[in-house]
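Residue numbers (the UniProt record's numbering), protein chains in the order written: chain H, 1 to 400; chain G, 1 to 400.
Don't take each hint at face value.
Copies of the same chain look alike in the list, so a pair counts if it fits in one copy or across any two.
Claimed, not checked - With a straight-line cut-off of 20 Å between C-alpha atoms, the simulated SDA-like cross-links for lysine to any residue are:
(1) 399 - 331
(2) 280 - 376
(3) 41 - 196
(4) 389 - 355
(5) 399 - 354
(6) 113 - 257
(7) 399 - 323
Source of the hints: derived by calculation from the structure; they are not laboratory data.
2 protein chains.
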Amino acid sequence: MIEVEKAREKIQHVLAQQKEVETVSILEAAGRVCTEDIYAKVAVPHFPRAGMDGYAIVAKESQGANPQEPICLKVTETIFAGDAEQAFIKAHGTAVRIMTGAPIPKPYDAVIKQEWTDYGETQVNIYREITSGRNYGEVGEDVYLNQKIISKYQLLNSRTVGILAAQGITEIKVLAPIKVGILATGSELISPGSPLVSGKIYDSNLYTLASLIQTSGGKIVFKEYCSDDIGEISRIIQEKVNEVDLLITTGGVSVGEKDYIPHVIQQLEGELLFHFVNMKPGTPVMASLYQNKVLLNLSGNPFAAVVNLHVFYWSILAYFMNCPELNLEKRTVQLTEDLKPSTLRRFIRAYEENGFVSLKSIVHYSSVFHNTLETNCLIDQPAKKQLSKGDYVTVYYWKF
Amino acid sequence: MIEVEKAREKIQHVLAQQKEVETVSILEAAGRVCTEDIYAKVAVPHFPRAGMDGYAIVAKESQGANPQEPICLKVTETIFAGDAEQAFIKAHGTAVRIMTGAPIPKPYDAVIKQEWTDYGETQVNIYREITSGRNYGEVGEDVYLNQKIISKYQLLNSRTVGILAAQGITEIKVLAPIKVGILATGSELISPGSPLVSGKIYDSNLYTLASLIQTSGGKIVFKEYCSDDIGEISRIIQEKVNEVDLLITTGGVSVGEKDYIPHVIQQLEGELLFHFVNMKPGTPVMASLYQNKVLLNLSGNPFAAVVNLHVFYWSILAYFMNCPELNLEKRTVQLTEDLKPSTLRRFIRAYEENGFVSLKSIVHYSSVFHNTLETNCLIDQPAKKQLSKGDYVTVYYWKF
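Next comes chain H alone, as it looks inside the complex (with noise of 0.2 Å):
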């Protein structure tokens, strides 16, 4: 039996990443991966920007200024945002009417905001004295000049999109998603919509995890179903494998006589990453690597197959894009309750809110999976320690 953390590192050391790029427009890169450092190639702003509705001026000219004695200076123009910029004003003693983002021109080196004048329009008295800069955006201020704006494996996201907007660009180069196919094994299972027979069940987790992965911005590229035969799962796991990243089985991983998976990997000849983790739910989770590709299989019980996707599908996406913000969120906090000791490492559904967590009055076999929906984490409990209220552990939370 390995730690969850050499669990992960085994898979990492043999899965190969992403390297498929393609091309989005910029309003779809949202939730994508970045391939390439891109640099500003337009200042941000690229001209000497308003930064209030006001009079352009230059400062020293409003020096001892006040509502008592003003100072008057001609108004010889008005630029909005919008109008081109202009070249130098012959300045002394003049200032130009100007409106947020419009261009500043040369000499002036500040903008006085409107309520600080008397709103004059050919010529208008100054109620204080600004400095230099003042309402004043210069060249670059937001970006500058070749600025690397994003990096190769950035997570992109809604604010930068509007980066790459404001530098002109539409498309951008992303990593094309990780291929998932999801086989989900065990003869007691039926497909939901099908009628119910005695002894069957609806299998759920081909859903819950389809749904998870596609959420995360996976393509599920085949999800199948089939009953617990060394044939047929061994057939399916061939035909398929070629078509992913990352092929996840549930079911079929335990000790029992029909726990066909082991057998079929080692049929396959493919190459054992680990079996058994020390992990609660879910300690049989298994991971191979066949024909390149790591084969990742859960548990069957729809709570630990949850709980091993969790713990193990987003450092494999996370490894796979490059991207280590894809993994799943976690947070220190206090226990407002105490922790029976477990003799295997723990993963405990729970309620955390500002810093404090708690394991709700709610069932916590791994038989039960409904009431996951009353949780927002998971707590990780290290094996055979004696946890306290107000002792500090880890969670992770529900992703999806």
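Take the given structure of chain H and dock chain G to it, following the hints.
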């Protein structure tokens, strides 16, 4: 100037809530809002289910068993997961070999894990005493018959998808997405992809907003630019207002000579909800009701626009979809440095980790947008209040 909370209330007071329903596959349901209470038509499990690989026994027949004095039971058959439920089996002195997930026949009331037996095939030696109910998944242990499994207006996630699948459900009714129109106003704006012109800037707001709203599940029904032209702004609003649930504009809300949005609303005889809110940046944010639709008018400055959007869009979405969970995530955390007092309530870009928030050593001018990428939240700094290192503040996380 009104408070943020009052401004939100004024919007909610007039905003129609979403009534439009659509049916989607459960695989497309994550992130959507359910429109009905859903009750379990199938108990989970719907038969007593073995929780372990082992032997189904009558627990009291294991009384006194230990490794030195095992109790021997006759094995009458083997039941696998997926096998049909069996009628009552005459039980005295017998056991049934059983695998995880298989239906446990009556009168057996416990499953002893195989590791505590000699794995016998025709007869089995039991090395431990177990109690009734051990590894015995009762009918309805996870979900009982007629249990409410999903509530009306519940936000669905990948686990709810699995829970629906376990009921045999393949489709679900959800609220249609909010339909949003975006109009970026400003004569200085040109579209990314076109050549840069003196005094003009590439618009970024349209893209930041569209990206965020799309990623939040909203539907962008139009996105357009227009110059600071009363007629054009007015024409677009009139033409498009009926296509949307919410119309968002950027720019033209302040006190400049060409800040025409307030005039347009007046001219159209829209009902002003508010103009100028106690918040910085984005003080001149405005909202009105026109043709029974809410128009939300944000500042044109990119940082102010995105702060306005975070402060108002999420609360609008949550109210419109009847789902408070859609609101912006917030948290009470401790300051790691003093805050300069501010005349207005201020939203400060910041970085929060494990309960502590810092301003980072970055420029906090509202004319700077790019460095918001180095932050993960906004500190909500109350007006005119001295806040020092160690004090608690509310932060709101950037979402998408």
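Hint check results:
1. 399 - 331: both (14 Å within a copy, 18 Å between copies)
2. 280 - 376: Answer is within: at 18 Å inside a copy they meet the 20 Å cutoff, but 32 Å across does not.
3. 41 - 196: Cα proximity of residue 41 and residue 196: across copies only (11 Å, versus 62 Å in one copy).
4. 389 - 355: both (13 Å within a copy, 18 Å between copies)
5. 399 - 354: both (18 Å within a copy, 18 Å between copies)
6. 113 - 257: between (81 Å within a copy, 13 Å between copies)
7. 399 - 323: For residue 399 and residue 323, the Cα distance is within 20 Å both inside one copy (16 Å) and across copies (18 Å).
The structure meets every hint from the earlier list without exception.
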